[in-house]
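Q: This is what each chain is made of:
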Amino acid sequence: MTRSARGRTASGLAGLALAAVYLTWTLIDLPLGRRAEPGAAVFPLAVGILLAGASLALVIETRRDRSAAFGPGAPARGGGDRRRRLAAAGALIAYPLLLPFLGYLPATLLVSAALLRELGPARRGWGWAALGAAGLAIFAWGLFVGALGVPLPVSPLGGRP
Amino acid sequence: MSAFDGILYGLSVATTAPNVLAALAGAVVGTGIGVLPGLGPAAGMALVLPLTYTLSPATALIALAGIYYGAMYGGSTTSILLNVPGEAAAVVTTLDGYRMTQRGRAGAALAVVAIGSFVAGTVSVAGLALFAPLLAAGALRLGPPQLLALTAGALLVLARLSGGSLPRATFVLALGLLLSTIGVEPVTGVHRFTFEWLELSRGIEIAVAVMGLFGAAELLALAGGLGDAAAVRPVPLRELWPTREEWRRALAPWIRGTGIGFLVGLLPGPGSTISTFVAYRVEQIVGKYRHELGQGAVEGVAAPEAANNAAATSAFVPLLSLGLPFSGVMALLQAALTIHGVQPGPLLMERHPDVFWGVIASMYIGNLALLVLNLPLVGLWVSLLRVPRPLLVTGILLMAVTGAFAVRNSLFDVWVMAGLGFLGYALRTLDFPLVPLVLGLVLGPFVEKYFRESLFLSRGDLGIFVGDPVSLAIWGGSALVLVLGAWGRRGAES
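Same order as they appear, the protein sequences are chains A and B.
Heads up: the first sequence begins at 1 in our numbering, then just goes up one per residue.
Heads up: the second sequence begins at 1 in our numbering, then just goes up one per residue.
To be clear, the hints were calculated from the coordinates, so they are not data collected in a lab.
Using N, Cα and C, we set each Cβ at its ideal position, and we do this for glycine too.
Careful: at least some of the hints might be erroneous.
As the list claims (entries may be wrong) - Here's a subset of chain A near chain B, in silico, CB distances under 7 Å, partners left out:
#1 Leu50
#2 Leu110
#3 Ala114
Said to hold, decoys possible - What follows is a set of in silico ranges between Cβ atoms, one per label pair, in the way DEER data are often shown:
#4 A/Arg64 <-> B/Thr54: 25 to 35 Å
#5 A/Val21 <-> B/Leu21: 15 to 25 Å
#6 B/Glu350 <-> A/Ala134: 49 to 59 Å
#7 B/Gly189 <-> A/Ala36: 45 to 55 Å
#8 B/Leu380 <-> A/Val145: 24 to 34 Å
#9 A/Val145 <-> B/Thr16: 19 to 29 Å
#10 B/Val387 <-> A/Ala147: 50 to 60 Å
#11 B/Gly138 <-> A/Ala10: 43 to 53 Å
#12 B/Thr243 <-> A/Val145: 21 to 31 Å
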């Protein structure tokens, strides 16, 4: 079974689990109302059933589609350098984690420099990364704070913005 | 207000200094977004969206509309010069555009695109000014059952036409609808799926979701495929003028492409992309020089590019007149308007004529700007391809995180954006279409509202949903499109 097919089957199973939790929660927590005055549960109920049905159909479709499931082709898209993708994913998590503790400019500088260092060619060292990070951070700060007046996190250490 | 009066009023709005600047800036930024491979109009607009928060609704929409048709134009530049389509709607242009470059006619191809886009855009704006008010006037007569049929029917059709199989499209549509149910329920004030968390009670912000699904997901995709910058041959200004023969041969395809693009853009689905394929196919059938198509024929560039721009303009008709976004980009524009407290739909023309007519009239300015600025600046656009990809990826990260925070000054929104970025990337990797998810999130509350209002009106009689000819016709039409779509797909597979 190819990675795509496995991934789609897993998505279908995850969708079924999500639909089960969602429907249970809807029935326990939300009022159904009457037909003339439908309550807050009616639409989520329909959505949950749709999700369950689509998830089931997805699992069946993937299992039926033998050529996709067992054929040699159909590789998962989004290949490329796994390490670079992990670096970008790490930056996407680390950046909002650091923001409330370091404030906008230091967090931006740190995350940008680390990401540039990881994504850039090996021959370019930390100097290039630091320079690029400084340029990007100043540009973003000028744009969002200077031009648009967005109140970004500024506290040097601690405090949620 | 007649269409002519409306255009005049719109021009008085669009020609104010901030709005002219917004149209120009939008067209220029959009061209840059279109040129950069991978960064399509939806991702680019999502990242730029936060920059419009401080603008007035009309100015914000004028800027975003400029980005959209600028991106449509920019996508063709790399198709012609590098055989690399900047976005999906520019794929067809590579067939003959790049061949023209190989034959030393790159400048002429770029000029044919620019002039064709201008002609198509300008003609389509006139069509938009005529059609949108008519449709809006008709929509004002519709009640909740008909609006439910229209919204839910459009949602099903869009999910079907957005690519992927029916289970895959329905799966992501259901995810979008599920996300739309989070927050305080508007009729009774009941908290749904909020864990008594204040941030969740405000619901999932559409702009944040789009930034995650398109912007952050793009960041992860781009990071995995960093390549070397492309080498491009410079295009001298004197090469930009087409020959008399090229002018003559481009005229009919421009006209045909404009008509096809305008009609296809009115329909649900990725109109711009589909229109280019239809226009090219029509040229293969009726074109006088059809035997030259694929070998660098002017017609192969003129028709798809005119169709692409006409479709990009006519896609505004359902959004502005019905409040129904028929594509991901239009959903994003609807989100932008909602952020500014403006609800697109039949009442938009009456309540916010400055937005309605201002945006339409600004397209004339934007199209003119694209023609005047972009041809001489073609070298500058191509030089964008030399921007180191690590800088581009890091820039997208900063824009996505800062932009998501700027929506409601909330770190929670940044986490939602990041989470949806991972989800979007995973779904893309597994060949799921993302547009139905956004449309489910945007249109879900409307479907629920019309459904409940209908039952209130009929005191619980379910017959109200199919009890009138308009609702029946809309449901029937939607079912027909679904069946024909499945039939066509089966035929194509066999």
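Q: Work down the list of hints and note, for each, if the structure agrees.
A: Hints and how they fare:
With a cut of 7 Å, the hint placing A/Leu50 at the interface with chain B holds, because the nearest CB-to-CB distance is about 5 Å. Interface restraint check for A/Leu110: the shortest CB-CB distance to chain B comes to about 12 Å, outside 7 Å, so the restraint is violated. Interface hint at A/Ala114: violated, since its Cβ lies 10 Å from the closest Cβ of chain B, which is beyond the 7 Å cut-off. Against the hinted window of 25 to 35 Å, the Cβ-Cβ separation of A/Arg64 and B/Thr54 comes to about 52 Å, which falls outside the hint.
Roughly 50 Å separates the CB atoms of A/Val21 and B/Leu21, a value that falls outside the hinted 15 to 25 Å. For the pair B/Glu350 and A/Ala134, the beta carbons lie near 50 Å from each other, so the given range of 49 to 59 Å is met. Distance hint check for B/Gly189 and A/Ala36: the Cβ-Cβ separation is about 19 Å, which falls outside the suggested range of 45 to 55 Å. Restraint check, B/Leu380 to A/Val145: a C-beta distance of roughly 28 Å satisfies the suggested window 24 to 34 Å.
For A/Val145 paired with B/Thr16, a C-beta distance near 26 Å keeps the hint of 19 to 29 Å intact. For B/Val387 and A/Ala147, the hinted distance range of 50 to 60 Å is not satisfied, since their beta carbons lie about 21 Å from each other. Range check, B/Gly138 to A/Ala10: Cβ separation about 46 Å, and the 43 to 53 Å hint holds. Between B/Thr243 and A/Val145 the beta carbon distance is about 52 Å. The supplied range of 21 to 31 Å is therefore violated.
Of the numbered hints given earlier, the model fails hints 2, 3, 4, 5, 7, 10, 12; all others are met.
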